[in-house]
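A.B. asks: Just so you know, the sequences run in chain order W and X.
When we follow the working numbering, the leftmost residue of the first sequence carries the number 1, and every step to the right adds one.
When we follow the working numbering, the leftmost residue of the second sequence carries the number 1001, and every step to the right adds one.
Derived by calculation from the structure, the hints in this document are not laboratory data.
All residues carry an ideal CB built from backbone N, CA and C; glycine is no exception.
One should not assume that every hint holds.
Said to hold, decoys possible - Calculated lysine-lysine pairs in the DSS-like style (CA-CA distance at most 27 angstroms, straight line):
1. LYS210(W) to LYS1037(X)
2. LYS1094(X) to LYS158(W)
3. LYS101(W) to LYS1037(X)
4. LYS1107(X) to LYS101(W)
5. LYS1182(X) to LYS94(W)
6. LYS1022(X) to LYS94(W)
7. LYS1024(X) to LYS94(W)
8. LYS1182(X) to LYS69(W)
9. LYS101(W) to LYS1022(X)
10. LYS1024(X) to LYS101(W)
11. LYS1107(X) to LYS94(W)
12. LYS1024(X) to LYS1037(X)
Stated by the list, open to error - Distance windows between CB atoms, simulated:
13. ARG242(W) to ARG1014(X): 38 to 44 angstroms
14. GLN161(W) to ASP1173(X): 27 to 33 angstroms
15. THR3(W) to LYS1107(X): 44 to 50 angstroms
16. GLU1175(X) to GLY265(W): 22 to 28 angstroms
17. ALA274(W) to LEU1189(X): 21 to 27 angstroms
18. GLY239(W) to GLU1106(X): 39 to 45 angstroms
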Amino acid sequence: MSTYAYYPGCSLHGTAKEYDRSARLVCQALGLELREVEDWNCCGASSAHMVSHWLALSLPARNLQPVEKMGLETMTVPCAACYARLKDVSCELKDPEVRAKIGRVLGDQVTGRVTVEPLIGTLTTQEILDKAASLIVKPLTGLKVATYYGCLLTRPPKVAQFDDPENPQSMDRLLRTLGSEVVEWYFKTECCGASLPVARTDIVLDLSRKLLAAAKKAGAEAIVTACPMCHSNLDSRQGEIRGRYGDDFKMPIFFFTELLGLALGYPARELLIANHLTDALSLLQGRGLA
Amino acid sequence: MSVLKFASTDQPGRNGLLALVKAKTGQDVLACYQCGKCSAGCPLSSAMDLAPHQVLRAVQLGQRDLVFQSSAIWLCVTCQTCYTRCPQEVDLPKVMDALRSQAIQEKIRPAERTVKVFHDVFLGLVERFGRLYEVGLIGGYNLLARQPLASADLGLPMLTRGKLELIPRRVKDREQIRAIFKRAAELELEEITGQSVAAAPPASVPS
Ligand code: SF4
Ligand code: SF4
């Protein structure tokens, strides 16, 4: 059994509990042990780098320290935004001068030996895909989905070092393994407005509406994401989009771990899919998946 | 979008805007040849007063006011699309970060006040608890942005679906978190004063 340090991040303990729950369940089913990073803190997300370079590096760096103490080498991160910050600092730590400065801010040594990977990467190696294929209980046959990676998972490629920055494929491979039909569309890595929804709701509604319309036009019945920010912008804003633009998309938005969990036989209830603000259960029930 | 003046007003040498950006980010903004690819793919460019390539042009020309008072530096969400596609590999998000933090240091009134309020409230909560507290974020933001009901219509459905917690989760070692905020700010100030930036010198240099 491989063991990973697991950094849930604030969203997975708050608005994206279903992502946390489904991630833990599917990892268990696939034989991956997740050990939560001890006393982890917020990585600073989209705010720290807005004001301070050193805060933006030091907040995520503090989360790498306990991993070595836990005797682990690799950290897996479900949230794409946290992943971007943690991966960025793990690259920056290779520079001894930067490492010394971060050490000074933390008041502790950092080595930068921990490898950081996104959960979607951890769960889409060929080995895991083969294993998942062998464990499928309920194939997602006929379910037409658009895979949405968002901006931060693959970009900038020099730092993210994950998949293709314009046309990534890992989530597509996973969904096809589970029996889904993956539609072609051109918005896989377009940005949803990230952290702007509170301060500039208008912009996020506009961007989310474009994404939802494009997925619908491509024939998707649902969008699959790997980021709590993307999920929240697309899932929770459909009512406001209807109010402002009159478009009633009723487009279910899933975390990839939820669909993986369903295929592995977990009931929708246990995966907390009822937590979504846009109804996702009707579609699943119609297909005998919930 | 604004019209740019095509004469460099940048101060020569170490006091110029180009030099400041170079020192803060290691980026050579003169490498940008204004192809506009960054702005073509930027999800926010239509909402910005200066498109991303225009921000760089203004930096090249030393137009400080135009840059620091722009909405662009506040609306950039660091999505990395521009940097991923730039033929000259200019790290535009890094430049945006540097311009924004400089504007904050110089106490320039932000063109997007609510965006700044959001980040201030967010970081205030992280400094206090070590983790984000979403109810505190929305409440604090609404208070300071003077939008008492912003996102309130989402609040009830989110609460009933267990998406919001009424009690903040905290990091155990909150001392260390507070120390990180303090020392990061000190280091930031030290680097700025070390660069002898002409505009708005900070009042004191930490030893
Ligand atoms: S893509 Fe690069 S070179 Fe082209 S305008 Fe933008 S920053 Fe300049
Ligand atoms: S990083 Fe900023 S400037 Fe670049 S494309 Fe994204 S929002 Fe636009």
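A.B. asks: Next step is simple, just say for each hint if it's right about the structure.
C.D. replies: Against the structure, the hints come out as follows:
With a C-alpha separation of about 21 angstroms, the suggested pairing of LYS210(W) with LYS1037(X) holds against the 27 angstroms cut-off. At roughly 14 angstroms between alpha-carbon atoms, LYS1094(X) and LYS158(W) fall within 27 angstroms of each other, so this suggested pair holds. For the suggested pair LYS101(W) and LYS1037(X), the alpha carbons sit about 35 angstroms apart, so the restraint of at most 27 angstroms is broken. Taking the CA atoms of LYS1107(X) and LYS101(W), the gap is near 26 angstroms; set against the 27 angstroms cutoff, the hint holds.
For the hint linking LYS1182(X) to LYS94(W), the alpha-carbon distance of about 24 angstroms falls within 27 angstroms, and the restraint holds. For the hint linking LYS1022(X) to LYS94(W), the alpha-carbon distance of about 21 angstroms falls within 27 angstroms, and the restraint holds. Proximity of LYS1024(X) to LYS94(W) is assessed by CA-CA distance (about 19 angstroms); at most 27 angstroms being required, the pair is judged to hold. A distance of roughly 25 angstroms separates the Cα atoms of LYS1182(X) and LYS69(W); the hinted pair therefore holds under the 27 angstroms criterion.
Restraint check: the Cα-Cα separation between LYS101(W) and LYS1022(X) comes to about 19 angstroms, which is no more than 27 angstroms; the hinted pair holds. In summary, the hint linking LYS1024(X) to LYS101(W) is supported, as the alpha carbons are separated by about 15 angstroms, within the 27 angstroms threshold. In summary, the hint linking LYS1107(X) to LYS94(W) is not supported, as the alpha carbons are separated by about 34 angstroms, beyond the 27 angstroms threshold. The hinted pair formed by LYS1024(X) and LYS1037(X) meets the criterion: a straight-line CA distance of about 24 angstroms does not exceed 27 angstroms.
At roughly 54 angstroms, the beta-carbon separation of ARG242(W) and ARG1014(X) lies outside the given 38 to 44 angstroms, and the hint is violated. Against the hinted window of 27 to 33 angstroms, the Cβ-Cβ separation of GLN161(W) and ASP1173(X) comes to about 31 angstroms, which satisfies the hint. With their beta carbons about 49 angstroms apart, THR3(W) and LYS1107(X) fall inside the hinted range of 44 to 50 angstroms. Checking the proposed 22 to 28 angstroms range against GLU1175(X) and GLY265(W) shows it is violated: the Cβ atoms sit about 46 angstroms from each other.
Separated by about 49 angstroms at the C-beta atoms, ALA274(W) and LEU1189(X) break the suggested range of 21 to 27 angstroms. For the pair GLY239(W) and GLU1106(X), the beta carbons lie near 41 angstroms from each other, so the given range of 39 to 45 angstroms is met.
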